[in-house]
Amino acid sequence: MALVNPDFAEELKAFGVDTALECFNCGTCAAICPLIFEHFPRKMIRYVQVGATEKILQQAQELWRCLHCGLCTQTCPRQANPAELILGLRRYVVARWRRA
Amino acid sequence: MYNPRDIINLISAHVRKSRNPFGIPSSQINTWWREAPGFTRRPGDALLVTGLMYQSIPYIEATTRYLERLEGSRWADYLRFGRLSRYIPSFVVGRGFACLTSKASMQQFNRILVSICRLLTQSSVDFFYHPEMDFYSGILLYDLGDQEGFVEHAKFVARTLKLHGVKKIITVDPHTTYALKELYPKYTGVSFEVQPYFALLRPHQVSRGNGRPPVAIHDPCFYGRYLKVSEGPRQLLSGLGLSYTEVRNCGEFTSCCGGPAESVSPALNREILDRRVAELKASGAPVVTFCPICLANLLKAGLPVEDLASLLDRSW
Ligand code: SF4
Ligand code: SF4
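Chains as they are written, first to last, in our numbering: chain C, 250 to 349; chain A, 551 to 866.
No lab work stands behind these hints, which were simulated from the structure alone.
Because the structure is a prediction, the values reported are computed rather than measured.
Even for Gly, the Cβ is constructed at its ideal location relative to N, Cα and C.
Be careful, since some hints might not be right.
Okay, the calculated beta carbon distance ranges per label pair [unchecked claim]:
| # | chain 1 | residue 1 | chain 2 | residue 2 | range |
| --- | --- | --- | --- | --- | --- |
| 1 | C | 346 | A | 676 | 42 to 48 Å |
| 2 | A | 710 | C | 267 | 27 to 33 Å |
| 3 | C | 324 | A | 587 | 41 to 47 Å |
| 4 | C | 299 | A | 671 | 55 to 61 Å |
Pulled out of the complex, with its shape left as it was, chain C reads as follows (with noise of 0.2 Å):
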């Protein structure tokens, strides 16, 4: 069973991530994705929407594929920035991991 955090979307605004809620799940970002991996980056939003934080966790070096080329936040419908998520995320893990 997945514990989920509620308020996971707040506290990932302290890592530069305040966009996650306006996603819609298109999945525009995935399909443009030159990485054409598991429907990333839609996936990992969805994981934030739902506080689904062990799951970032446990798939945490997946983000480190992404190349910050920017296509999925060029074509995302909602503004909701992927590319800057994916980055948010990776300093929200690079904290954990320091903490550690």
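Using the hints provided, position chain A with the ligands relative to the given structure of chain C.
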């Protein structure tokens, strides 16, 4: 894929120690200016900042070649799960550099900076260069998510430049341009007037380009999408009578060459690169680009490609 945690810790320690990602003195990397004509250390209106990006490519290439071989080998699991995952990258990046980096590659990238210097001089741009003030921007730390490390380094750079009265900066690559123009004001509170070199060039005459076959433009992501300055190089080419052709996915919608994946996964880098190369090859024209990472990556794929500065320098 290498463990990002190890890569981040390593690069972060190097930046703290030597103010560049390699852990060796910047003066060892930054030697291009010794052959450059016509620059002054002071006075001058704007400081030329290379951000050590072009000079770093031979070091990055050497490391990547080595990591690429390991990533696909039977050692891969040791790298992924074993203690070697910490040892190998630090060996390659640290001690391995001296023997892995080729002199020819260093000269190739240094020559591009010499061309930029010459182009600025020929356009009567009032600039100066000071090797001790030419800092690495810290952009890799930012991209990897080491916010703390990036901000510490950026504050050091911004403070030093400010102390020396620098107000205007001329950059030569998209990553340093983005860092100094967009990230420094936000994270250090210090703003400079930042312009890429090609925005300042003024061809005096329509020249020898006429009749040459067109070149295909590969726009780097940070110039095309983040900074939206793709038009500048196109205007320069047109101004010199050099024709160019647009490839599928260009300007704001340019395709990434895969370069940023290099530090964590050379295999992923190859996968993305192959797709971009197919798009560029479809144009049938030699490629021109204006980012050292894109240039090195496309060269690695065996494409006929050169830097914008080299092409302009030949045609000026
Ligand atoms: S394109 Fe934007 S709105 Fe659509 S899934 Fe991606 S982040 Fe969400
Ligand atoms: S920025 Fe990252 S997530 Fe977005 S399209 Fe590029 S590689 Fe994919």
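Taking 42 to 48 Å as the stated bounds, is the beta-carbon spacing between residue 346 of chain C and residue 676 of chain A within them?
46 Å Cβ-Cβ, so the 42 to 48 Å window holds.
Kindly confirm whether 41 to 47 Å is satisfied by the beta carbon distance between residue 324 of chain C and residue 587 of chain A.
Because 44 Å falls inside the window, the suggested range holds.
CB-CB spacing for residue 267 of chain C and residue 710 of chain A relative to the 27 to 33 Å hint
Check passed, 32 Å falls within 27 to 33 Å.
Could you tell me whether the CB distance from residue 299 of chain C to residue 671 of chain A stays inside 55 to 61 Å?
Hint holds: Cβ distance 58 Å, inside 55 to 61 Å.
Going through the hint list in order, the structure satisfies each hint without exception.
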